[in-house]
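2 protein chains.
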Amino acid sequence: MLTKARIKLIRSLRLKKYRQQNNLFVAEGTKIVTEIVQSDWSVVQVLATAAWVQQHEALLTRQEVLTVSDKQMQQLTLLSSPSPALALVEMPDPAPLPDLTRQWTLYLDDIRDPGNLGTIIRLADWFGWPTICLTPETVDPFNPKVIQASMGSLTRVELPTIDPDTFWDHAKDIPIWGAHMEGTSIYDATLPQAGILCIGSESHGLSSHVEAHCTDHITIPRQGHAESLNAAMATGILLSHMTMKKQNQ
Amino acid sequence: MLTKARIKLIRSLRLKKYRQQNNLFVAEGTKIVTEIVQSDWSVVQVLATAAWVQQHEALLTRQEVLTVSDKQMQQLTLLSSPSPALALVEMPDPAPLPDLTRQWTLYLDDIRDPGNLGTIIRLADWFGWPTICLTPETVDPFNPKVIQASMGSLTRVELPTIDPDTFWDHAKDIPIWGAHMEGTSIYDATLPQAGILCIGSESHGLSSHVEAHCTDHITIPRQGHAESLNAAMATGILLSHMTMKKQNQ
Numbered sequence: 001m002l003t004k005a006r007i008k009l010i011r012s013l014r015l016k017k018y019r020q021q022n023n024l025f026v027a028e029g030t031k032i033v034t035e036i037v038q039s040d041w042s043v044v045q046v047l048a049t050a051a052w053v054q055q056h057e058a059l060l061t062r063q064e065v066l067t068v069s070d071k072q073m074q075q076l077t078l079l080s081s082p083s084p085a086l087a088l089v090e091m092p093d094p095a096p097l098p099d100l101t102r103q104w105t106l107y108l109d110d111i112r113d114p115g116n117l118g119t120i121i122r123l124a125d126w127f128g129w130p131t132i133c134l135t136p137e138t139v140d141p142f143n144p145k146v147i148q149a150s151m152g153s154l155t156r157v158e159l160p161t162i163d164p165d166t167f168w169d170h171a172k173d174i175p176i177w178g179a180h181m182e183g184t185s186i187y188d189a190t191l192p193q194a195g196i197l198c199i200g201s202e203s204h205g206l207s208s209h210v211e212a213h214c215t216d217h218i219t220i221p222r223q224g225h226a227e228s229l230n231a232a233m234a235t236g237i238l239l240s241h242m243t244m245k246k247q248n249q
Numbered sequence: 001m002l003t004k005a006r007i008k009l010i011r012s013l014r015l016k017k018y019r020q021q022n023n024l025f026v027a028e029g030t031k032i033v034t035e036i037v038q039s040d041w042s043v044v045q046v047l048a049t050a051a052w053v054q055q056h057e058a059l060l061t062r063q064e065v066l067t068v069s070d071k072q073m074q075q076l077t078l079l080s081s082p083s084p085a086l087a088l089v090e091m092p093d094p095a096p097l098p099d100l101t102r103q104w105t106l107y108l109d110d111i112r113d114p115g116n117l118g119t120i121i122r123l124a125d126w127f128g129w130p131t132i133c134l135t136p137e138t139v140d141p142f143n144p145k146v147i148q149a150s151m152g153s154l155t156r157v158e159l160p161t162i163d164p165d166t167f168w169d170h171a172k173d174i175p176i177w178g179a180h181m182e183g184t185s186i187y188d189a190t191l192p193q194a195g196i197l198c199i200g201s202e203s204h205g206l207s208s209h210v211e212a213h214c215t216d217h218i219t220i221p222r223q224g225h226a227e228s229l230n231a232a233m234a235t236g237i238l239l240s241h242m243t244m245k246k247q248n249q
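Residue numbers (this note's numbering), protein chains in the order written: chain A, 1 to 249; chain B, 1 to 249.
Just so you know, these hints were derived from the structure itself, not from any lab. Some hints could be false.
Intra- or inter-copy, both count: the list cannot distinguish identical chains.
[Stated by the list, open to error] Simulated pairs of lysine-lysine, DSBU-like, Cα-Cα distance not exceeding 35 Å:
| id | residue 1 | residue 2 |
| --- | --- | --- |
| 1 | K71 | K17 |
| 2 | K246 | K17 |
| 3 | K246 | K172 |
| 4 | K246 | K4 |
| 5 | K245 | K71 |
| 6 | K4 | K16 |
| 7 | K71 | K172 |
| 8 | K16 | K145 |
| 9 | K245 | K4 |
| 10 | K245 | K8 |
Note that the structure is a prediction, hence the values are computed from the model and not measured.
Excised from the complex, chain A in its bound form (with noise of 0.2 Å):
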């Protein structure tokens, strides 16, 4: 049965602060939910319509499962509409620091916006990214917007949130690409082995800080007027240039 308790701790993960506190967060809609059941992380409980829940029967086999109608779907959702099926799940441990020097890692910059963060875990996993490492101001990737529009994808892509500080020290010495409305042309760019993208806020560009450590400015070459593109945007285009870069290497 669905209790009032339980419906008020999921309205409530919708807040961070609650999700802290009971290192608990809510994923919403079938994409994203089903790919939950399927990894590795502690799922609490699933709470789905009765046609969803016969419909995915094969991969609910390990999880606590409650059948709730419609109505009650629209007052659990933490959206703006209801989906048939939501996720009651354990907070994954946080990632660890990466191996700067391995691979490429993005770097976000202070991203606010929810669906920009969730854009950009959705491109990471496109472009096979493993690690995207968020500063605390960043928004918190466990929030229901970041999670909608991550699409499925915030499984698979490390998301440490790592103070500065420890951040910068432990990078001494790779080279740190700042994303930036003038620099080197991304199509003219020789890429390193490894290395650090750095995405600035929306508002604000690069934090002065991110800038002090920044070894290039990589910029996407306007042709024409518009004013700039979008955090998410640039970040897609500038993945998708450096994939090839390092696929021609």
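Given the coordinates of chain A, assemble chain B onto it according to the supplied hints.
Coordinates of chain B only, in the frame set by chain A:
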């Protein structure tokens, strides 16, 4: 004075039917309003707060300007949150069918999401693609959410809506690239001097009508596991690679 009739007219223009009936549309936000008042489009009236009018006085020499309160802007807005300025604008003349033999042209095959169309208009402006041809089923470019997402690029990109039969008759002997999950890698493709890049709808991809005309399928190679890329993201990545190839020719 802001009359009830004017409020009613502006609010009605959130719907395509009333935009067509009145041959008018509404542009909201500082960026797009300042672009439009400096373009050759006919502005019926700029409605803005006193502070905004004072700040932008130098630009407002040719237009009728009505100062309104914040509260009135809340009544007028067609978006989820009001901006300090809004322009009531005559629809520009329909854009002509472009000369497809001279340059690359984008063709959007039933893109339904206003955010995606707005983002693609901004991308075309960034990469200097002059024309985006739209199918009649594609979301109207004068939809308020498209205008918002286009971030001021609306005045700089031609956006003809064309009956598919007319378009494909006109496109004979032109290379036609369909963006697809499988096909020639954009990293390896050789770029003809001119052609048409077709982007399919968010849910159905390219229609069979368009598929029948494609001379090539072009893909963004996937290295990881994400299921897909969003239509606007795929467009941005393709435009960037094609722009680079053009430069290197």
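Okay, the hints, checked on the actual structure:
no.	hint	in the structure
1	K71 x K17	both (27 Å within a copy, 34 Å between copies)
2	K246 x K17	neither (40 Å within a copy, 50 Å between copies)
3	K246 x K172	within (22 Å within a copy, 37 Å between copies)
4	K246 x K4	neither (53 Å within a copy, 61 Å between copies)
5	K245 x K71	neither (51 Å within a copy, 53 Å between copies)
6	K4 x K16	within (21 Å within a copy, 44 Å between copies)
7	K71 x K172	neither (54 Å within a copy, 53 Å between copies)
8	K16 x K145	both (12 Å within a copy, 29 Å between copies)
9	K245 x K4	neither (54 Å within a copy, 59 Å between copies)
10	K245 x K8	neither (50 Å within a copy, 55 Å between copies)
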